[in-house]
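S.K.: Using the hints, position chain Y with the ligands against chain G.
These protein sequence lines are chains G and Y, in that order.
Take the first sequence: its position 149, counting from 1, is numbered 149 in the numbering used here, and each next residue is one higher.
Take the second sequence: its position 252, counting from 1, is numbered 252 in the numbering used here, and each next residue is one higher.
Treat the hints as calculated values from the structure; they're not laboratory data.
The structure presented is a predicted model; accordingly, all values stated were derived computationally and were not measured.
Careful: at least some of the hints might be erroneous.
[Said to hold, decoys possible] From the structure, some residues in chain G lie toward chain Y, with a derived Cβ separation under 8 Å:
1. L25
2. E26
3. T74
4. K95
5. R98
6. Y360
7. L432
8. F434
9. S435
Cβ coordinates follow ideal geometry from the N, Cα and C atoms, glycine included.
What follows is the residue order along each chain.
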Amino acid sequence: MSSTEALVADLSRMLSPDRVRAEPLELALYGRDASVMEGQAAAVCFPLTTAEVQAAVKVARAHNRPIVPRGSGTGLAGGSVPVGERPPLVIVTTKMDRILKVDPERRVAWVEPGVLNLDLSHRIAHLGLHFAPDPSSQQSCSIGGNVANNSGGPHCLAYGVTSAHVLAVEVVLPDGEVTVLGSEDPDAEPTGYDLRGAFVGSEGTMGIATKIAVRLTPNPPAVITLLADYASVEDAAATVTEIIAAGIVPAALEMMDALITRAVEEYVHAGFPMDAAAVLLVEVDGLPEGTDAAANAVTRIALDNGAGNVRRAVDPAERALLWKGRKSAFGAIARIAPNYYLHDTVVPRTKLVEVLTKVYEIAARHDLTMMNVFHAGDGNLHPLIVFDRRDEGIMDRVWQAGTEIIEACVAAGGVLSGEHGIGLEKRDYMHLIFSPDDLDAQARLRAAFDPDEACNPMKVLPAGARCGDLQAVPAGAWI
Amino acid sequence: MKLDVDADELAACVSCGLCLPHCPTYRVTGDESASPRGRIAAMRAIEADDRPLEGAFTEFMDLCVQCRGCETACPSSVPFGRLMEGSRHTLTESTRYQPWLTRAAYRSLRHHRLLLLGSSLLALAQRARLVPRRFGLPALPVRRTPLKASGDDVWLFTGCVMDAWLRPTHANTLRVIEATGAGVALPDDPGCCGALQAHAGLMHQARDLAERTMRAFPGEAPILVNSAGCGAQLKDYGHLLDTPEATAFGARVLDVHEWLAPRIATVPAPRGNHRRVALQDPCHLRHVQRAHLPVRTVLAPFVDVIELDDEGLCCGAGGAYSAQHPEMATAIRDRKVAAIARTGAKVVASANPGCALWLRDAGLDVRHPLDLVAEAMDGR
Ligand SMILES: Cc1cc2nc3c(=O)[nH]c(=O)nc-3n(C[C@H](O)[C@H](O)[C@H](O)COP(=O)(O)OP(=O)(O)OC[C@H]3O[C@@H](n4cnc5c(N)ncnc54)[C@H](O)[C@@H]3O)c2cc1C
Ligand code: SF4
Ligand code: SF4
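Chain G on its own, in the form it takes in the complex (with noise of 0.2 Å):
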């Protein structure tokens, strides 16, 4: 029997025979999540329960495999892809959608990593509730993986990110063990280190989440949407500065360059403007006289600004098909080309102007198509290179002009990942931002949860960050 099959015959006794996987074709298809990395999994298992997941931890431990969790696999950064010194078990938390519990009164759910995103929110829509964070992929991805990469979204910038959403997690750690970190009830501090505050955001490589208690959001009574055009992307640039410096704080604030604009368009036909150099979509909302207000003292500054029009939505069906264009944006992009290479950095907002007009530069010089759509009210840019896979010798070009694409960002005084995390993508860059002893500091925060580098091997940090020499992306994965 080879090490595999026998994975495999103690994966299928611990959970059931069709929730464990080798055949080659489908292993394939876990090689890979949203971004262009790929790696190759041992076998795939799916429990349905924590104590499942906690069978196939110690299996895999057993048969001295790596563990690889992953959600929906709309991962940017290679996340879920698996990797490492030998080839992982992949375990997929999509069967484990269950929601469990919700208190309207107390604002608190308990689900399963698996439940979808919206799903969530659509569930406890007749409770006026809903779930803050709203990842543009938030159709498709699991609230684990959100909680993995501490996902934010359009809605983050007065909301806050995962992090402010999640109340606890029921975690089984890289040994195997069950443990519980953080509490369910929202006003408790934290006796002693907020392992929670450590655990959201550590991409699958602290352990998997079974459960997690969300906190619930209250719908705003009153919302308002605008869309305004403009004839250079440094009006819009200069509209966001000063909203910010206005003191207000819109709910989102979204800025979409010509090409994406475009190219969104052409899918849900929500009456964005073709000719516009960038487009920004502002929310607000609040009580109603407020809002109004707001809503106003927006548009005064986009025309003050030189907005050709603002658009105010009607309607919610107007308001969720704006959003619906914007939150396409990622995957309307084979529209182009087939392929996309995004980064995700955070700039300093009054930066906004300077960085972006290097990026277009960057991108024309190695004569790539670059597109930009990102939240702008925070600074965090995704620059995104728009290619064909299949063209001799482009993915050299588009390597090359991502990193200089980060470092320009780091030039500015930006920082390397807004929401879409680290993963296998970016952990080569983490030298750019952090100083050895920074990456020290983080490789033994990682040992204290998982010594032996088993859970998510080769992600988020670059290898060898505990003694300072710094490789490659690792063989085994290419893009």
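M.R.: Frame of chain G, contents of chain Y with the ligands only:
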């Protein structure tokens, strides 16, 4: 192995996963292999590496309902239906994917009179309790009221199975169209649209049937269809046959609700309380023809339309799918039944016979929208 698909269309998927929740088989299983993204990745793997068509690949393709919910969900407009039909065509040509018995069964749909006779015999057998219920067949009519043509403003496509099993719906469709003042022509031998054959990858059979059907509807008059699956297929003849005549034919085809919507105000509507009806959108109307909104316009004066909250997720019927994959189809249907239950409505409207029969089999009272309109016109 090269599949019978267009290389650029296959390359168009960016693997974003935005289609995942709109795929019924992914919703039920959570398996990447049962998702649009996974199926596309599998097609690519077959083309890129030398992998066998038999086994896993065939299973992944075969489990797809071909509802095309992934197409309307995909921001990059990946033409998934074409990729799937092409892949299945390769499977039927190069493997034993559709055994001869299945092929023969599909071929029999072209013999309209035979089908009517066979259906009547089956109905008698049902009455005699000779057909076990687990075959999932609806109660079939023994006798069918004849339909009468009333003019030549529009054609009504009567089809094969629809005509054999649901003739009263045809009669009601005629009445509603006639109530707008139009005269309806009926074909001598309407034949079969070829949808089931195309979905199975039996392209030669599908093309044969398309040519026959085109001959049955001469002239310029619009061809109205009250079965969403057939309508989608007829509209697609241009792509299937790739001739100017076929394209022109496809352009004459309308779902009957598309034609009725701008004219429905001329049909007298009853006063008083309307009954509450949950509206199920057949995939071939919503995701393929994208003509589900006119059904609402047509129904609005006659009943209270209650929307489902599942964004048009498939019901699992899928033509022959529910017979070939009863377990998966039932799991998919359970979700639909739950969505319908959440509306609290006692009656369901569905503009596709396949969906209607499949949902009736779950014990629901499912009617064609035009049955409901005709009844409301009668004050029933
Ligand atoms: C079109 C598109 C738009 C996007 N928009 C945004 C956006 O606006 N904001 C944003 O922040 N992100 C965005 N993303 C990225 C992605 O959707 C998020 O990172 C999301 O949270 C990932 O969830 P997932 O279920 O797909 O996780 P996966 O991709 O499966 O996994 C992501 C990471 O989480 C780990 N993980 C998954 N489940 C668990 C678990 N139960 N326990 C421990 N670790 C786990 C994995 O190991 C991996 O490292 C977008 C992606 C796409 C394709
Ligand atoms: S089919 Fe479309 S929606 Fe689905 S993964 Fe591919 S590009 Fe994304
Ligand atoms: S056609 Fe339907 S079943 Fe097939 S992949 Fe698309 S959504 Fe899924």
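S.K.: All hints, please: hold or fail.
M.R.: Now the hints, each set against the structure:
1. L25: holds, 4 Å
2. E26: Hint on E26(G): holds, closest Cβ of chain Y at ~5 Å, below 8 Å.
3. T74: holds, 4 Å
4. K95: holds, 5 Å
5. R98: violated, 12 Å
6. Y360: violated, 22 Å
7. L432: With a minimum Cβ separation of about 27 Å from chain Y (threshold 8 Å), the hint on L432(G) is violated.
8. F434: violated, 30 Å
9. S435: Hint violated; S435(G) Cβ to chain Y Cβ min 35 Å, cut 8 Å.
Of the numbered hints listed earlier, those contradicted by the structure are 5, 6, 7, 8, 9.
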